[in-house]
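Following the hints, complete the assembly by docking chain X onto the known chain F.
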Amino acid sequence: MSWLLVMPIAIPFATAVVAFLVRMSPTGRWVSLGGSILSLVASVALLVAVLEHGVIAAQMSNWEAPFGITLVADYLGVVMVVITAITGLATAIYALGEIPERVEKLGYHALFQTLIAGVTGAFLTGDVFNLYVWFEVMLISSFGLLILGGSREQLDAGIKYVALNLVSTLVFLSGIGLLYGMTGTLNMADLRGAIAEVENQGLVTVVAMMFMVGFGVKAAVFPLFFWLPASYHTPSFAVSAVFAGLLTKVGVYAMMRMFTLVFVGDIGFTHEILIWVSALTMLTGVLGAAAQTDFRKILSFHIISQIGYMTLGLALYTPLALMGGVFYLVHHIIVKANLFLVSGVANKLAGHTDLNRIGGLYKSSPFLAALFIVPAFSLAGFPPLSGFWAKYLIVKASIELDAWLIAFVALFVGLLTIFSMTKIWGMAFWKPHPDGYDPTPDRVPDSVRIPMMIPIVGLAAMTIVIGFFPEPFVQFAEVAAMQLLDPAQYVEAVLGAQAEVQADLQADAPAGLQPDATTEEEQP
Amino acid sequence: MEALTALIIGTLVAAAVYLMLARNFMRFLFGLILLSNAANLTIFASGRMTPGAPALVPYGEDAPIGVVGNALPQALVLTAIVIGFGLLAFTLALAFEAYRRLRTMDSDKMRYAEPKEDRKG
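Chain order of the listed sequences is F and X.
Taken in order, the first sequence gives residues 1 to 524; the numbers are from my numbering.
Taken in order, the second sequence gives residues 1 to 121; the numbers are from my numbering.
Some hints here could point you the wrong way.
Partial list, derived from the structure: chain X residues whose beta carbon lies under 8 Å from chain F [claimed, not checked]:
hint	residue
1	Leu76
2	Ala80
3	Phe85
4	Leu102
Anything over 10 Å on all C-beta distances counts as not near chain F; from chain X, calculated [said to hold, decoys possible]:
hint	residue
5	Gly10
6	Leu21
7	Ala22
8	Pro51
9	Pro54
10	Ala55
11	Pro58
12	Gly60
13	Glu61
14	Asp62
Listed below are several chain X residues computed to face chain F (Cβ distance under 7 Å; list not exhaustive) [to be verified]:
hint	residue
15	Leu32
16	Leu34
17	Leu35
18	Thr91
In case anyone wonders, no lab produced these hints; they're calculated from the structure.
If you're wondering where the values come from, they're calculated on a predicted model, not measured in any experiment.
Glycine included, C-beta positions come from ideal geometry on N, C-alpha and C.
If we strip away everything but chain F, and leave its shape as in the complex, we get (with noise of 0.2 Å):
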C-alpha cells in the first residue's frame, strides 16, 4: 500500500530530473505533460484507495510511527493531491502554449514539476519536520519559476515575495523547534495525544500562534499578505495560475490540519482570533481588489478575499463550517486557476493585462468571454456554480453560531466580488478597444491558442459539474470535516491502535498500518 502513498511526490520529482535533463530541447515540454498525467492517475489511485479504506498511512523505511516519517492520506489530504494532480496537468498542457522557448531552456519544466512535487508532499506528509522540508522545496522552486525570465518587475517581485517567505519559514521553524522541546515527538498523530499532557499550556498556545502566523504568510491572512499582490502579477500566466490555485492553499490545508489534529487545546482562543482575522482577510483582500485595475492585480487580491472563507470554515470549528472551508478549498482552486489562465489568454488577444488598455473581447472572442462567466461568477458564489454552495456552506455555519456579523461580511464580500468582476467584465470583454482593433482569435497561431483553451473549457467544465451536482462533493467534504474534527481514526492509521502495535510488534511487522486493511498491505 504504501507505494501508493509516495508515487503522486515521486513521479512529479522523477519527471523534474527527466525534464531538466532534456531541457535543451522541444521533448521536455512533452516529458512534462507525461508526467503530469501519470501524477494524475497516481492520485486518482490513491483516491480510489482511501475512498475504499479510509485514512491509509505508510511508514517510510519501515522505521515506526513516531520516529520515522509518515505519509497519511485522509479524506482532506487526499482530495489536495488530485486537486493537485488537475492543476498541475492544466497549467502543463497551457504551458505548452505560453511558455517560451528561452524559459524552457532555462529549467522551467523542472521547476514546475518540483513545485508540484513538493506541494504534494505537504499534503501527504504525516511529520511536522518533514511538512517543513515539503515548504522549503516548494518555496524554491516557486522562488525559481517566480524570476524565470528576468524582467525587473519580477526581480522586484521576487525579492519581496522571497523575503517574506523566508520570515514566515523561519517563524515555523522555531515554532517546531519549541514544540519538539515540549513534546518530544514530531508525528503529528503523537503530537496529539503527547501536547495535553505538557503542563504549561500556555506555553503550547504561544507556540501555537508561532505556527499561525508562520501558515497566515504563506496563506496571505490579514496582516500578513503584503508579498501576494506585489508579485503574483509579474510571472508567466501558467505560472501565477498555479501559484494562484495551489501556494496559499497549502498554507489554508496546513493550518487546518495543525489546528485541528494538535492545537485544539484553546479553541477559544486560537480560533476566535482567526475568526476575525478571516473576516478582516475577506474585506481588506476584496477593497484591495476593487482599487485595482490590472486583470491579475485584481484576481490576486481575490485570492487574499477568499482565503478568508477558508480560514473562516477552520475558525468557525463546527461540522458544517469544516466542510464548508474543504469545500471551498477545492472549489477556489479550480476557479481561481482557471481565472489566471483566461487572464494570460484574454492577455494574448488584447495585449495587456491594464484593463484600461484592453477591450472588445467579448465581440470578438465570445467563447472566451462564455468561458470567463462561469468561474468570474463562480469566484463571486452566483448559483448554481461551485462557489454558491462553498459560500452557502459558509455562511449558513456563522449563521446557525449567531455569528450574524461574520455572516455579513461574507455576504458582504460576494457582493463586492461581484464588483471586480463586473468590472473585469466591462473594461475587457464589453468596451470597445482602447486601439482600435479587434482582438480576435486568429491574431494568436493555433498552436499557441489551443493548447491555452483546452485546460480553461476543462476546470470550466468542472465548475459547471461540481456546482449542478454538489452532491457527492459536499457528502465528501462530510466526510473530510468529521475526520478533521474526531481525528481518532487518523491517529489510529498513523499510530496503529494500541492493541495492534503490541501485536504487530510480537509478529516483527511494521506497525501503524490501517488495522482493517493490514491483510492487503503486507505485500505491497
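Structure of chain X alone, referenced to chain F:
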C-alpha cells in the same frame, strides 16, 4: 547552559530584527541569516543541553551504552542548516541580480512591480 543559549538566541533575534527593519535589502538579508541561526539554535536547544555521551553504538552492540545525548535535534538542525544555506545562497544571487538590474538596494525605491507612492498606478 540553557540560560546562556537562551540569551544567545535572544540576542540573535534582537539583532536580526534590528537589521531587518533597515531599508537596505542587504541588511535585511544579514538579518535573515541571523534569524535563521537563531531558529537553528532553538531546535538544537530543544534537545536539552545534557552532558551526555554522543549517541554512538559500539561495535557488536544493538544500542548505545549508558546515557547519551539526543541525536534527533542535531539531525534536524543539520537539515535546517542545509536548507537554509541553499535558500540564502539563492537570495544572495537574487539580491545581486536585482542590484545589477534595478540599480538600487533601497527597498523603498524598488517599486517596479507595484505602483509608485507618489502617482497612481
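Problem set entry | Non-conforming hints, listed in increasing numerical order | Structure breaks hints 3 and 16.
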